[in-house]
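Residue numbers (this note's numbering), protein chains in the order written: chain A, 84 to 313; chain B, 84 to 313.
Calculated directly from the structure, the hints in this document are not laboratory data. Predicted model, so just to flag it, every value in this text is computed and none were measured. Hints are supplied without guarantee of correctness; some may be wrong.
In silico negatives: residues of chain B with every beta carbon more than 12 Å from chain A [as the list claims (entries may be wrong)]:
#1 Leu-191
#2 Ala-196
#3 Glu-202
#4 Thr-215
#5 Gly-250
#6 Asp-259
#7 Gly-273
#8 Lys-296
Here are the computed distance ranges between Cβ atoms for each label pair [what the hints assert, rightly or not]:
#9 Gln-221/B with Arg-121/A: 38 to 44 Å
#10 Gly-147/B with Ala-196/A: 22 to 28 Å
#11 Arg-141/A with Ala-196/B: 30 to 36 Å
#12 Gln-221/B with Gly-277/A: 39 to 45 Å
#13 Ala-196/B with Glu-144/A: 26 to 32 Å
#14 Arg-164/A with Gln-221/B: 43 to 49 Å
#15 Ala-264/B with Glu-152/A: 25 to 31 Å
#16 Arg-252/A with Val-186/B: 40 to 46 Å
#17 Ser-206/B with Arg-294/A: 29 to 35 Å
#18 Gln-221/B with Glu-152/A: 53 to 59 Å
#19 Val-186/A with Ala-267/B: 25 to 31 Å
#20 Arg-141/A with Asn-130/B: 36 to 42 Å
#21 Arg-127/A with Ser-206/B: 24 to 30 Å
Here's a subset of chain B near chain A, in silico, CB distances under 10 Å, partners left out [stated by the list, open to error]:
#22 Arg-193
#23 Ile-201
#24 Ile-205
#25 Ser-206
#26 Ile-229
#27 Tyr-231
#28 Val-268
Think of the CB as a built atom: it goes at the ideal place given N, C-alpha and C, for glycine as much as any other residue.
Number of protein chains: 2
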Amino acid sequence: MGNVNRGLLAVGSDRSPSRAREDYVKAIYQLGAGGPVRAAALARYLNVSRVSVSKAKRLLEADGLLDREREPSQPLRLSRRGRRLAIAMVRRHRLLETFFHRVLRIPLERVHAEAERIEHVISDDVAMRIATLLGRPQRDPHGHPIPYDDDLRTEKPLPTLAALRAGDRANVISLDDRDDAAVAVLADGGLLPGARIVVQRSDASCVVVRRGKRVVTLRRAHAAMVRIGA
Amino acid sequence: MGNVNRGLLAVGSDRSPSRAREDYVKAIYQLGAGGPVRAAALARYLNVSRVSVSKAKRLLEADGLLDREREPSQPLRLSRRGRRLAIAMVRRHRLLETFFHRVLRIPLERVHAEAERIEHVISDDVAMRIATLLGRPQRDPHGHPIPYDDDLRTEKPLPTLAALRAGDRANVISLDDRDDAAVAVLADGGLLPGARIVVQRSDASCVVVRRGKRVVTLRRAHAAMVRIGA
DNA sequence: GATTCACGTTACCCATGGCTAACGTCAACC
DNA sequence: GGTTGACGTTAGCCATGGGTAACGTGAATC
Numbered sequence: 084m085g086n087v088n089r090g091l092l093a094v095g096s097d098r099s100p101s102r103a104r105e106d107y108v109k110a111i112y113q114l115g116a117g118g119p120v121r122a123a124a125l126a127r128y129l130n131v132s133r134v135s136v137s138k139a140k141r142l143l144e145a146d147g148l149l150d151r152e153r154e155p156s157q158p159l160r161l162s163r164r165g166r167r168l169a170i171a172m173v174r175r176h177r178l179l180e181t182f183f184h185r186v187l188r189i190p191l192e193r194v195h196a197e198a199e200r201i202e203h204v205i206s207d208d209v210a211m212r213i214a215t216l217l218g219r220p221q222r223d224p225h226g227h228p229i230p231y232d233d234d235l236r237t238e239k240p241l242p243t244l245a246a247l248r249a250g251d252r253a254n255v256i257s258l259d260d261r262d263d264a265a266v267a268v269l270a271d272g273g274l275l276p277g278a279r280i281v282v283q284r285s286d287a288s289c290v291v292v293r294r295g296k297r298v299v300t301l302r303r304a305h306a307a308m309v310r311i312g313a
Numbered sequence: 084m085g086n087v088n089r090g091l092l093a094v095g096s097d098r099s100p101s102r103a104r105e106d107y108v109k110a111i112y113q114l115g116a117g118g119p120v121r122a123a124a125l126a127r128y129l130n131v132s133r134v135s136v137s138k139a140k141r142l143l144e145a146d147g148l149l150d151r152e153r154e155p156s157q158p159l160r161l162s163r164r165g166r167r168l169a170i171a172m173v174r175r176h177r178l179l180e181t182f183f184h185r186v187l188r189i190p191l192e193r194v195h196a197e198a199e200r201i202e203h204v205i206s207d208d209v210a211m212r213i214a215t216l217l218g219r220p221q222r223d224p225h226g227h228p229i230p231y232d233d234d235l236r237t238e239k240p241l242p243t244l245a246a247l248r249a250g251d252r253a254n255v256i257s258l259d260d261r262d263d264a265a266v267a268v269l270a271d272g273g274l275l276p277g278a279r280i281v282v283q284r285s286d287a288s289c290v291v292v293r294r295g296k297r298v299v300t301l302r303r304a305h306a307a308m309v310r311i312g313a
């Protein structure tokens, strides 16, 4: 039957997913890296009650975005369609961030919030035209890879700067873009993807790193936002 | 008291207006050119029932976007804040269209629909950075002026191509972008802002115009989408 | 073994933004 | 003057997406 609403807002299951449902799908993908996710963890991640997650679960199953579980209380697992939707949103998000940073020169710590709202409403055509404009970039300005196909990512989680000890050397690979304040501090210290660093000290509260001639002191929480490679 | 919702979707009067409310405000502005608008006309324009308009009216008044009317059954009149919001949306819409057309090379008949969704979620900062990128364009690709300040426009409605008679000459000033099919036909015929044309014939069903060596036959409905100047 | 605690669910409430049915008003038209 | 029609409103329905309160389950902890 579908739905009868013909007004200003899309409502019902025969339309494209609402903003809220897209947020659920994306969060499940990012929390679980493609695998199942506990409802309580999802609720904490999205700052929402467990009840809301429980209800969203049923709606997302009805939309075909989650695999149906026969047992109740089973974790949330994206369907093939759900996974494709999540990856498309990550693609749009990262392309937007790259465009905002490279072309519009928006400060790094602000591109995430801007992209977060727009990723739900731009068409795939616009996203791919932006990709072409930018020369099909492989990584966004935080260092995260841009998924151009719908394949499952095997992004193994890299260690963070918080795991290093004095004397360790590393390359900055990427920054967690969810914490604007952290990104501002890190960008200000020049700890951007590609930077080569040496850890000078690491204690319970702070991590001190040297980058070239510059010494930067980070709160541990901020150091944990920096993914590193050899 | 405001509202308690802290979830994924903004709800309540202390947040920025929802997509639906922004659509109402913009429609009131475009229908009334700043003046009052009848509820029934608004309902027809937005493809919504009169009841929905009646309810929206109360909510928009509570938001401070409409002037409160003491008499019931009075037309809808934007408040100063409502007018500012409407103009900001028109500005964002037209800047987005210009960007899509000039930079991303999206066909003219598709830029309206793309901008229509994004105009609700981009920040004014992004809009102004796009304006700078484009060299602060004065008109969008359909020929409509881009309002950079919040002043009331005195756009007197221009005559359309449908009002001309055989032998008349005119300049195309702008196209109505709400009808994608018409825009596609007009762009295909080269009847874009700036084009100089001569009317060859005009009858009940068709208008035939010459542009340079090219002769274009238009359905009357499409000719009515073309605003002209001397 | 008893207790505690996290988890998922249910029952209910609320605001938004659609809808139809029905009504009173007012103006225009026979 | 009566009828017709457009208009705005009210009452009531529905889906979405939030929220609390409360409950049963199961695992961990004492």
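Hint check results:
1. Interface exclusion of Leu-191/B from chain A stands, the closest Cβ pair being 14 Å apart, more than 12 Å.
2. At roughly 9 Å, the least C-beta separation between Ala-196/B and chain A is not larger than 12 Å, which violates its mark as non-interface.
3. With a cut of 12 Å on Cβ distances, Glu-202/B falls inside the contact zone with chain A, its closest approach being about 9 Å.
4. Non-interface call for Thr-215/B relative to chain A: violated, since the shortest CB-CB distance, roughly 9 Å, does not exceed 12 Å.
5. The non-interface label for Gly-250/B is consistent with chain A: the shortest C-beta to C-beta separation is roughly 43 Å, beyond 12 Å.
6. The claim that Asp-259/B lies off the interface holds: its Cβ sits roughly 20 Å from the closest Cβ of chain A, which is beyond the 12 Å cut-off.
7. Once the 12 Å rule is applied to beta carbons, Gly-273/B is consistent with being away from chain A; the minimum gap is 24 Å.
8. Non-interface status of Lys-296/B relative to chain A is upheld: no Cβ of that chain comes within 12 Å, the nearest being about 33 Å off.
9. In this structure the supplied range 38 to 44 Å is violated for Gln-221/B paired with Arg-121/A, their Cβ-Cβ distance being about 55 Å.
10. Evaluation of the 22 to 28 Å hint for Gly-147/B and Ala-196/A yields a pass: the beta carbon distance comes to about 26 Å.
11. One distance hint, 30 to 36 Å for the beta-carbon pair Arg-141/A and Ala-196/B, holds here, with the actual separation near 32 Å.
12. At about 41 Å, the CB distance of Gln-221/B to Gly-277/A agrees with the hint of 39 to 45 Å.
13. Taking 26 to 32 Å as the suggested C-beta distance range, the pair Ala-196/B and Glu-144/A conforms, at roughly 31 Å.
14. Range check, Arg-164/A to Gln-221/B: Cβ separation about 45 Å, and the 43 to 49 Å hint holds.
15. A C-beta distance of roughly 46 Å is found between Ala-264/B and Glu-152/A, which places it outside the suggested range of 25 to 31 Å.
16. Between Arg-252/A and Val-186/B the Cβ separation comes to about 41 Å, which falls inside the hinted range of 40 to 46 Å.
17. About 32 Å separates the C-beta atoms of Ser-206/B and Arg-294/A, a value consistent with the hinted range of 29 to 35 Å.
18. The beta-carbon spacing between Gln-221/B and Glu-152/A, approximately 57 Å, falls within the hinted interval of 53 to 59 Å.
19. The given range of 25 to 31 Å is respected by Val-186/A and Ala-267/B, whose C-beta atoms sit roughly 28 Å from each other.
20. For the hinted restraint 36 to 42 Å between Arg-141/A and Asn-130/B, the CB-CB distance of approximately 30 Å leaves it violated.
21. A hinted range of 24 to 30 Å holds for the C-beta pair Arg-127/A and Ser-206/B, which are about 28 Å apart.
22. Interface restraint check: Arg-193/B against chain A, minimum CB-CB distance 8 Å, threshold 10 Å, status holds.
23. Here the hint on Ile-201/B is kept, as its CB sits about 5 Å from the closest CB of chain A, short of 10 Å.
24. Against a cut-off of 10 Å between C-beta atoms, the interface hint on Ile-205/B holds, since the closest Cβ of chain A lies about 6 Å away.
25. Given the 10 Å rule on beta carbons, the hint for Ser-206/B holds: about 6 Å separates it from the nearest Cβ of chain A.
26. The closest approach between the C-beta of Ile-229/B and any C-beta of chain A is roughly 17 Å, which is over the 10 Å cut-off, so the hint fails.
27. A distance limit of 10 Å between C-beta atoms decides the matter here; for Tyr-231/B the minimum to chain A is near 18 Å, and the interface restraint is violated.
28. A cut of 10 Å between beta carbons decides the hint on Val-268/B: the least distance to chain A is about 21 Å, and the hint is violated.
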